[in-house]
Every structure is written in C-alpha cells, then in structure tokens.
Amino acid sequence: MDHVTSQDGTTIAWRSVGEGPPAVVVNGALSEHSSALPLAHALAGDLRVTVYDRRSRGHSEDLSPGVDGAVERELADLAAVVEAALGTADDDDGVTVIGSSSGGLLALAAAATGLPVARVVVFEPPLATPDFPLSAPPGLPEQLHALVGEGRRGDAVALFLTSAVGLPAEVVTQMRQLPDWPEREALAASTVYDTALSRRYPEASAFGPVDVPVLALHGEATWPMLRASAVAVGESFPRGRHREVAGADHQLDPDAVAAAVREQLAAG
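In this text, residue positions in the sequence shown follow full-length UniProt numbering: the first is 1, and each later residue adds one.
Worth flagging that the hints you see were computed from the coordinates, not collected in a lab. Every residue gets a Cβ at the ideal spot worked out from N, C-alpha and C, and that includes glycine. Not one of these hints is a red herring.
Derived CB-CB ranges, DEER-like: (1) 251 / 186: 18 to 26 Å; (2) 114 / 142: 24 to 32 Å; (3) 241 / 176: 34 to 42 Å; (4) 2 / 241: 30 to 38 Å; (5) 149 / 211: 38 to 46 Å; (6) 63 / 183: 20 to 28 Å; (7) 142 / 186: 19 to 27 Å; (8) 251 / 20: 22 to 30 Å.
The task is simple: from the sequences and hints, build the whole structure.
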C-alpha cells in the first residue's frame with residue numbers, strides 16, 4: 001500500500017484501483033480498507049477508486065489518540081488521501097466521495113468543510129430523525145477511549161456495539177465467542193472516532209451547507225432508522241436525493257451501489 005502523512009504526522013495507508021475520474025471510499029465502523037475493495041473493483045471500469053485505512057485501523061497509524069480534535073484529525077486524514085487521489089488523475093474538478101455508514105458522516109463533513117469534493121454518495125449514514133432519535137450516551141467517546149487506554153479493547157468494542165449500534169447485550173456476548181472477535185478488538189480505538197463523528201453530526205442539519213450533489217442510499221430491507229436517515233439526507237441539501245437499493249440490507253451490495261454511483265455520475 002501507499003502512504004500519505006496527515007497533519008499531525010500520522011501515516012495513512014491507501015491504494016487505488018481502476019482508471020478514470022478520481023473517487024475515494026470511506027469505510028464504516030470496525031472495518032479496514034479491504035472491506036471497500038469489492039465496491040472499488042465494481043467501479044474500476046469507470047473510476048480510479050482509492051480506498052484507505054482510516055486512522056488507527058489496519059496499516060494506518062494514530063499518533064494523536066483521544067477524543068479532543070478527533071473529527072478534525074479524521075478530516076485532515078481524508079484531505080491527505082483526497083490530495084493523493086487527485087494527484088493520480090487528470091481531473092481537477094474534485095473527487096467523488098463514497099461513504100458507508102459512519103464513513104458517510106465523514107464524506108458529508110468533507111463536502112461541508114470545503115475539501116475538493118465533486119459529489120457525495122452515502123450508504124445508510126447513522127443520523128437521527130424526529131422519529132428515530134439517537135440513543136448513544138453523550139460521553140460514549142470518552143468511555144471508549146478510557147477502556148482502550150486500560151487495555152480493555154474487547155469491552156470497548158462491546159460497549160460500542162450495544163450503545164452506539166444498538167445490538168442487544170446477549171447478541172454481543174455471543175459475538176465475543178466468534179473466531180473473528182480478535183479482529184474487532186484490534187479496531188477498538190477506531191470506535192472513538194466513529195462516536196466522535198456521530199456526536200458532532202447527530203442529524204443532517206448539523207453539517208450546514210453542502211452545495212455539491214448528494215445521493216443517499218438505503219437498502220430495501222434495512223432498519224427503519226437507517227431508511228429514515230437516508231431519506232432525511234436526500235431531503236436536507238439543495239442538490240440531494242435518496243434512493244432505495246433493491247434487496248439490500250445494511251450490508252453494502254457492491255454491484256448495486258456501484259450502479260447507483262454511475263447513475264449519479266451521469267446526472268452530473
């Protein structure tokens with residue numbers, strides 16, 4: 001993988017596939033760049049797609065862990081990745097940023113804060129709506145950071161899954177017995193960043209003006225809260241719209257999402 005250096009000196013790992021105008025995929029919680037590769041390959045005939053390990057994940061470092069400034073550090077990381085993606089392309093109109101779940105919050109924040117973003121596509125960003133308020137406790141990022149600092153990475157992941165994702169405690173107890181649980185534990189520090197993003201951007205209106213085209217997607221069989229969130233995103237921005245992905249749930253379908261991205265590209 002290639003690397004860029006973020007504002008605080010942290011190295012962020014990235015790689016690109018395909019040819020065409022530049023795009024960057026931002027993963028959701030408890031995942032590394034490899035989970036975005038199926039979508040990247042599905043788009044490789046149309047775009048040069050960059051995937052990366054968000055801070056404290058996979059091959060990326062985190063030289064400045066903690067809650068204070070967490071959102072700003074992730075935006076600086078994404079800015080460095082976007083710069084690298086633009087550096088490999090002839091297109092100077094900006095990048096298409098595709099964000100999945102909590103990665104959608106970062107994608108929208110990038111557009112709202114002035115990064116060179118041409119358009120945004122988000123898949124089921126976890127945002128509150130009047131019918132579905134967020135239930136995570138206000139101090140969750142600090143609690144997670146403290147658990148990670150104490151070496152209780154498994155407890156941090158479990159707390160994230162129950163308090164932020166909303167899984168029943170008994171389900172998480174069963175998950176802790178699965179062979180892939182150590183992989184989740186390895187990503188425990190990243191939950192601080194996801195929850196800090198959710199606290200900064202609890203609902204669509206929190207982003208402020210976003211003037212680029214925004215397409216919000218939700219799976220046909222997803223949770224009602226995430227469907228409502230996608231609809232709210234599509235209706236909250238001047239150039240926003242939403243679309244249902246047939247047959248999908250919260251698990252991103254690479255081919256279906258790639259088709260929606262192509263449609264958004266064709267629309268301008």
